[in-house]
Amino acid sequence: MRRIRFFFGEAFRSLWRNYFMTIAAMVTVFLSMFVLGVVLVFVYNINAVLKDVEQKVEITVFLKDSATTDDISAMLDEIQAMPEVKGAQFISKEEALKRLKEDLKDHPELFEGLPKNPLPASFEVSLKDPEQASVVATRFDGRPIVDEVRYGKELAERIFRVTSVIRNISLVFIGLLGAVSILLISNTIRLSIYARRREVEIMKLVGATNWFIRWPFIIEGLAVGLVGAVTALVFVTLGTDFVMDRIRENLRFLTVPTSAVSPVQLAAILLGVGAVIGALGSGLGLRRFLNV
Amino acid sequence: MIKFDDVTKIYPPDTIGLESVNLHIEKGEFVFLVGASGSGKSTFVRLLIKELEPSKGRISVGGRDLGSLRRWKVPYLRRNIGCVFQDFKLLPNKTVFNNVLYALQVTGNDSTASRRKVGEILNLVGLGHKTNNYPHELSGGEQQRVSIARAFVNHPPLLIADEPTGNLDPETSAGIMQLLYRINKTGTTVIMATHDREMVDRMRRRVIALEQGQIMRDQRRGGYAED
Ligand SMILES: Nc1ncnc2c1ncn2[C@@H]1O[C@H](COP(=O)(O)OP(=O)(O)OP(=O)(O)O)[C@@H](O)[C@H]1O
Ligand SMILES: [Mg+2]
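Those protein sequences? They're chains A and B, same order as listed. So for the first sequence, this note's numbering puts the first residue at 1; every next one is plus one. So for the second sequence, this note's numbering puts the first residue at 1; every next one is plus one.
Treat the hints with care, as some may be off.
Stated by the list, open to error - Just a sample of chain A residues kept apart from chain B, beta carbon distances all over 10 angstroms, derived: (1) Arg17; (2) Gln132; (3) Glu201; (4) Val206; (5) Gly207; (6) Ala208; (7) Ala267.
Unchecked claim - Here chain A is said to cover these stretches of chain B; the calculated rule only asks that three of the stretch's residues, wherever they fall, bring their Cβ under 8 angstroms from a Cβ of chain A: (8) 90-96; (9) 130-139.
Said to hold, decoys possible - Residues on chain B that point at chain A, a partial pick, calculated with CB under 8 angstroms: (10) Ile49; (11) Glu51; (12) Pro75; (13) Arg150; (14) Tyr224.
Everything labelled a hint here was simulated from the structure, so no lab data went into it. All C-beta atoms, glycine included, are put in the ideal place defined by N, C-alpha and C.
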């Protein structure tokens, strides 16, 4: 117990003495963990939204304005007769506009001076099995009254393609920042050892084992990693709460899940990665010394 | 206790530190190591704590052959050899008390009892009132006494002092000599490298005289110079 306290005392005294390097290393860990956290939250939320989109709006068949009521009721019957279909609903142009106005009721100015209703009428088709969306969707291709067919999965895939690019770029960025953090920590440790090389020599002459000398330095690295990660965690948590609130306020029609990534999971990942970065950094810094 | 068997130390490329040294030191002895500057006294000390490796020959301490002592075991050897260095080698960022305590902490001893022991030994060397000062706030003689306290706080079977009275005034030197004498009385083997002619002549102990790395004289109750 005393021994552990001793190691921590040594570590924190040294961090305090080299506060400039300490802060520099903490800031880089913070940056990389912050980006990692943002990407995690972003990816998790997008996935949740995509799943939601995929499940809810299964197939939407947009109709041309030229479609007659007869065409429409004939097609509705046809759709309802399909074996894969669970239910189908006709949404008229007026109803579509009403829905949109409802969704954007905080921004009535958007609808001012609208010459005519720009929204198409549509069928909303739900399926027994969402997997069959593409099969069913192709049946509407080329029909005279059909303008466009969209199904949730397709939409989801389209969003996914964009987000995966963003995610991959972010991952590379995180990797770079992570490497910089490790180098900076190892440099902090190396400088701190270099500054104390005479002390280290004395410690060895008095009979300290390498591990006895190493522990405070390892704790230094871990502390830097963890402080950076905790700060990042705080910022990511507060930041996502803030951003989510804004999104929910402004985009009522998008159901953004309250919390797609659990805070515990996020904390575990960020702190874990932060600690690993710290340990790797001090390990690297310690590698080539202690040969007195 | 200590055995040197035809030990030679050559600093690369060709500076002789020690040359063909044979000696035997028994447990409980008090030995002066004398010789001009550059004669090899510090080399002798550094070989003993395996800070240096001999170029030739064998050294054994406490029955253990240093040549075959594994690297990771060296700290355990050093805990059994209290070392007082000419330049004190105190940790600048630690107080007097923590400097001495450090020698116990490295052995895994950090109990209330070990803290009491540190207090006692600091009283013994007359520094009970300076325990919370830092080394740079002390005089040379005071630092030297801290260094002795640290070397002896473990009660090691062997104490080596490399010119412990080097830069000190005669009175302080006498005090330190007195301390080493008392430590020797507790059964600890003491080896002291020194230039202090008067001290050696007064004590009449075993004297090993080095010259250019070679033993010129090894006398049971000798003086600084040959009688
Ligand atoms: N690290 C080293 N590299 C090269 N030569 C060295 C080294 N250390 C000591 N020497 C040489 O070895 C010889 C013996 O040195 P040593 O330090 O053992 O002498 P000493 O008797 O302790 O001298 P002093 O009384 O001045 O302390 C000297 O010629 C010295 O220059
Ligand atoms: Mg010397």
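Outcome of the hint check:
no. : hint    : verdict
1   : Arg17   : 8 angstroms, violated
2   : Gln132  : 68 angstroms, holds
3   : Glu201  : 8 angstroms, violated
4   : Val206  : 5 angstroms, violated
5   : Gly207  : 4 angstroms, violated
6   : Ala208  : 4 angstroms, violated
7   : Ala267  : 34 angstroms, holds
8   : 90-96   : holds (count 4)
9   : 130-139 : violated (count 0)
10  : Ile49   : 7 angstroms, holds
11  : Glu51   : 7 angstroms, holds
12  : Pro75   : 5 angstroms, holds
13  : Arg150  : 7 angstroms, holds
14  : Tyr224  : 28 angstroms, violated
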